[in-house]
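Q: Chain by chain, the residues run as shown.
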Amino acid sequence: MAEVIALFWHFLLLGCLAVGGVSTVMPDMYRYVVDENAMVTGRQFSDAYALAQATPGPNALWVTLLGLLARGWAGALATTLGILVPATAFSLIASALHARHADSPFARAVRRGLAPVALGFMLSSGWVLLRSIEHGWRGYALALVTLALVIGTRLNPLWLLAAGALIGIAGWI
Amino acid sequence: MTPSGAPSAREIFLTFTRIGASGFGGVNFWIRRVLVQEKRWITDHEYLEGLALGQIIPGPNVYNLTVMIGYRFGGVRGAFAAIAGLLGPPLAVLLALGLLYQRYSALPILQRALAGMSAVAAGLLLANAVSLAVALPRRARPWIFLVLAFAGVGIMRWPLLYVMGALAPFAMASVWRR
Chain G
0 MAEVIALFWH FLLLGCLAVG GVSTVMPDMY RYVVDENAMV TGRQFSDAYA
50 LAQATPGPNA LWVTLLGLLA RGWAGALATT LGILVPATAF SLIASALHAR
100 HADSPFARAV RRGLAPVALG FMLSSGWVLL RSIEHGWRGY ALALVTLALV
150 IGTRLNPLWL LAAGALIGIA GWI
Chain B
0 MTPSGAPSAR EIFLTFTRIG ASGFGGVNFW IRRVLVQEKR WITDHEYLEG
50 LALGQIIPGP NVYNLTVMIG YRFGGVRGAF AAIAGLLGPP LAVLLALGLL
100 YQRYSALPIL QRALAGMSAV AAGLLLANAV SLAVALPRRA RPWIFLVLAF
150 AGVGIMRWPL LYVMGALAPF AMASVWRR
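Residue numbers (numbering that gives the first Met the number 0), protein chains in the order written: chain G, 0 to 172; chain B, 0 to 177.
Be a bit skeptical, because a hint or two may be false.
Unchecked claim - In silico SDA-like links for lysine to any residue, alpha-carbon gap of 25 Å or less:
id, chain 1, residue 1, chain 2, residue 2
1, B, Lys38, G, Leu91
2, B, Lys38, B, Tyr103
3, B, Lys38, G, Ala95
As the list claims (entries may be wrong) - Where chain G lies over chain B, by a calculated footprint (3+ residues, C-beta under 8 Å):
id, region
4, 109-117
5, 124-135
Since the hints were derived computationally from the structure, they do not count as laboratory data. Keep in mind that this is a model prediction, so the values were computed, not measured. All residues carry an ideal CB built from backbone N, CA and C; glycine is no exception.
If we strip away everything but chain G, and leave its shape as in the complex, we get:
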């Protein structure tokens, strides 16, 4: 139980830092649940992320799946609430303050100043995810092809995920 509570606190902290979306704090989730506490394997971590991409709804909900794999239902509750409680609280406060315009000097500094930092974190997430799969150069190649297809075409990501599953089943990576 103490472990689940510690998991909740860590995700609550990350929930407060997730300016720019939950994918910016993914590397620290990996550090905590895989590297430091061995609650899931690197493989399970990336599987949870991949599965969640193929379901409807906000992508951030993959933390629920991660929590479930780490420590069952209690774990799912811990990671989900950890991320959503700060987001809910800050959004309600912003609404109650009628903070409709995001162009105060402070808000602007947060938005413009933190954008490159958040992008650096997001790139780290992609990197950590790639490293966690351990499938050699073909996996990296598939990720690069995906990147090129997403940027160069308007293909629905679901097709790409399905293609990835088929390529995997065929044993090409």
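For chain G, the structure is supplied; the task is to place chain B on it using the hints.
A: Showing chain B alone in chain G's frame:
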């Protein structure tokens, strides 16, 4: 406000249930389609304002937008009705998938499929970051912060709290204008 008056908590819940359930390929698309174009609860301008505000509030952007829209039409009750609607269907699907995964993840065919999907998922995430990075101002400073953030968290694997704490004050000061 809408021509037909404020929607009830029940209506807010049902509307966001639809958005959450059809959110394949990005919830943002469906929020705009349903709330701006179909129901006309908010205008495009308000939608963009909400998104901008969501960018400086920690957490999932669409989630923050959902909370703010729910609150606006139904107070705290409306906010939670919107949250329940948005998260209910996807959570049910996700937890079912999780249970199936726990049961069958040892199957070689599933392992291979997931390995392929994971590589694609990593590519999707990287593509997202790259296309956002292209929009950064073409000056040295933002790129320095981007590289430092990547080096600290991605390469060195330092705790995000420390890297954020070290970079955020300088990153914000570098763009500060009254």
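Q: Against each hint, give a clear statement of whether it holds in the structure.
A: Hint check results:
Under the criterion of a C-alpha separation no larger than 25 Å, the hint pairing Lys38 of chain B with Leu91 of chain G is consistent with the structure, at around 23 Å. Straight-line distance between C-alpha atoms of Lys38 of chain B and Tyr103 of chain B comes to about 42 Å, which puts the hinted pair past the 25 Å bound. This hinted pair checks out: Lys38 of chain B and Ala95 of chain G have alpha carbons roughly 24 Å apart, not beyond 25 Å. As drawn, the region 109-117 of chain B meets chain G at 7 residues by the rule of a beta-carbon pair under 8 Å; at three or more, the given contact holds.
Figure legend: the region 124-135 of chain B, annotated as covered by chain G; annotation consistent (10 residues with Cβ-Cβ distances under 8 Å, at least 3 required).
The structure fails hint 2 only (numbered hints given earlier).
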